[in-house]
Amino acid sequence: EVQLLESGGGLVQPGGSLRLSCAASGFTFSSYAMSWVLQAPGKGLEWVSAISGSGGSRYYADSVKGRFTISRDNSKNTLFLEMNSLRAEDTAVYYCAKATTVPGGMDVWGQGTTVTVSS
Amino acid sequence: AIQMTQSPSSLSASVGDRVTITCRASQGIRNDLGWYQQKPGKAPKLLIYAASSLQSGVPSRFSGSGSGTAFTLTISSLQPEDFATYYCLQDYNYPLTFGGGTKVEIK
Chain H
38 EVQLLESGGG LVQPGGSLRL SCAASGFTFS SYAMSWVLQA PGKGLEWVSA
88 ISGSGGSRYY ADSVKGRFTI SRDNSKNTLF LEMNSLRAED TAVYYCAKAT
138 TVPGGMDVWG QGTTVTVSS
Chain R
167 AIQMTQSPSS LSASVGDRVT ITCRASQGIR NDLGWYQQKP GKAPKLLIYA
217 ASSLQSGVPS RFSGSGSGTA FTLTISSLQP EDFATYYCLQ DYNYPLTFGG
267 GTKVEIK
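Going down the list, the sequences are from chains H and R.
Those letters in the first sequence? Residues 38 to 156, by the numbering used here.
Those letters in the second sequence? Residues 167 to 273, by the numbering used here.
For the record, the hints were derived by calculation from the structure and aren't laboratory data.
Hints may contain errors.
[Unchecked claim] FRET-style restraints, in silico, Cβ to Cβ:
id : chain 1 : residue 1 : chain 2 : residue 2 : range
1  : R       : S226      : H       : R124      : 40 to 48 Å
2  : R       : T235      : H       : G52       : 39 to 47 Å
3  : R       : A167      : H       : V39       : 25 to 33 Å
4  : H       : E38       : R       : P206      : 19 to 27 Å
5  : R       : S233      : H       : G53       : 40 to 48 Å
6  : H       : L42       : R       : S192      : 31 to 39 Å
7  : H       : D99       : R       : S226      : 34 to 42 Å
[Unchecked claim] For lysine-lysine, the following DSS-like pairs were computed, each having C-alpha atoms within a straight-line distance of at most 25 Å:
id : chain 1 : residue 1 : chain 2 : residue 2
8  : H       : K80       : R       : K208
9  : R       : K273      : R       : K208
10 : H       : K80       : R       : K273
11 : R       : K269      : H       : K80
12 : R       : K269      : R       : K208
13 : H       : K80       : R       : K211
14 : R       : K269      : R       : K211
15 : R       : K205      : R       : K273
16 : H       : K80       : R       : K205
17 : R       : K211      : R       : K273
18 : R       : K269      : R       : K205
Beta carbons: idealized from backbone N, C-alpha and C, even for Gly.
Next up, chain R with everything else stripped away, as it sits in the complex:
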């Protein structure tokens, strides 16, 4: 199974900060990666698909980049509603695998 190593596992940031989260795949996965946001008690929400494409309705402060084994989710200017846990997901092959998550907390 492909392992997705996500870092950091948590971070503290202030409103307006630029935040970067990374995911590394244990083997090349082309651009078969999505990024998800999850708030407590809620279902995950797709933010980015195909590594860099913004899902409809998602604010443009979210962006994704990368291909192969290294991927990045960037929030250009952190807003109060962005405090949540973020996950990457590879669907290059089965079993699908999520990264361990990054909890973004208020500094």
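Chain H with its partners taken away, still in its complex shape:
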């Protein structure tokens, strides 16, 4: 079964750091780009960051550029999001998602992990 399982969310103070992980199974992880998508409480979906299958290309939303770093370990089938200088507005459910090889597609999503930035 194709599956993504996020972990690492929690409560952190403003200015703090957190590392999210996304464990993948059931597919050839290194063959697919991966993304992180957030959803603030009561709000819509917002793309955060993406990384190519090899890890050689990385992309970020302006709102997180310079603060968040996406990475992957293809030997461990795991995606990461290192989050620094966290702000209250980063409070959200964070989903990892697998990109398809066709346009418009993220065909597999994790269940999400909640990040709360508050003092």
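We have chain H already, so just place chain R on it with the hints.
What follows is chain R alone, placed relative to chain H:
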């Protein structure tokens, strides 16, 4: 960044109704668009990719159309399990951008 303008932001409909949701891109994106359904507390689910291709396992009452800057998601006969929020997503270029969402509620 490409802006995706989705409308309406919400709608009320009855079971059996035909429902249409639109997304407009601020510039041409070919057919690099997907449609997603999200239910409360759940992860989004891909319904349509490449603007008009039905994702495997998705009921045929869902269809997508459009290219360039104007796109449509149609539910031909609304079912009780279709009450949810729907989003479009462009992946023509980075940053990827979602539409603001359309909440489909029971009339």
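To see whether the hints hold, each was checked on the structure:
At about 44 Å, the beta-carbon gap between R:S226 and H:R124 stays in the expected band of 40 to 48 Å. At about 41 Å, the beta-carbon gap between R:T235 and H:G52 stays in the expected band of 39 to 47 Å. In this structure, R:A167 and H:V39 meet the distance hint of 25 to 33 Å, their C-beta atoms being roughly 30 Å apart. Look at H:E38 against R:P206: about 24 Å separates their beta carbons, and that is inside 19 to 27 Å.
Under the hint 40 to 48 Å, the C-beta atoms of R:S233 and H:G53, about 45 Å apart, fit the expected range. The given range of 31 to 39 Å is respected by H:L42 and R:S192, whose C-beta atoms sit roughly 35 Å from each other. One distance hint, 34 to 42 Å for the beta-carbon pair H:D99 and R:S226, holds here, with the actual separation near 39 Å. Using a Cα cut-off of 25 Å, the hinted pair H:K80 and R:K208 holds, with the two alpha carbons roughly 14 Å apart.
With a CA separation close to 23 Å, the supplied pair R:K273 and R:K208 stays within the 25 Å bound. Taking the CA atoms of H:K80 and R:K273, the gap is near 22 Å; set against the 25 Å cutoff, the hint holds. Straight-line distance between C-alpha atoms of R:K269 and H:K80 comes to about 11 Å, which keeps the hinted pair within the 25 Å bound. For the proposed pair R:K269 and R:K208, the alpha carbon gap of about 14 Å is at most 25 Å, so the pair holds.
With a C-alpha separation of about 17 Å, the suggested pair H:K80 and R:K211 falls inside the 25 Å cut-off, and the hint holds. For the proposed pair R:K269 and R:K211, the alpha carbon gap of about 15 Å is at most 25 Å, so the pair holds. Between R:K205 and R:K273 the alpha-carbon distance is near 17 Å, which keeps this suggested pair within the 25 Å criterion. A threshold of 25 Å between alpha carbons decides the hint, and for H:K80 with R:K205 the separation of about 13 Å falls inside it, so the pair holds.
With a C-alpha separation of about 24 Å, the suggested pairing of R:K211 with R:K273 holds against the 25 Å cut-off. Restraint check: the Cα-Cα separation between R:K269 and R:K205 comes to about 10 Å, which is no more than 25 Å; the hinted pair holds.
Of the numbered hints listed earlier, not one is contradicted by the structure.
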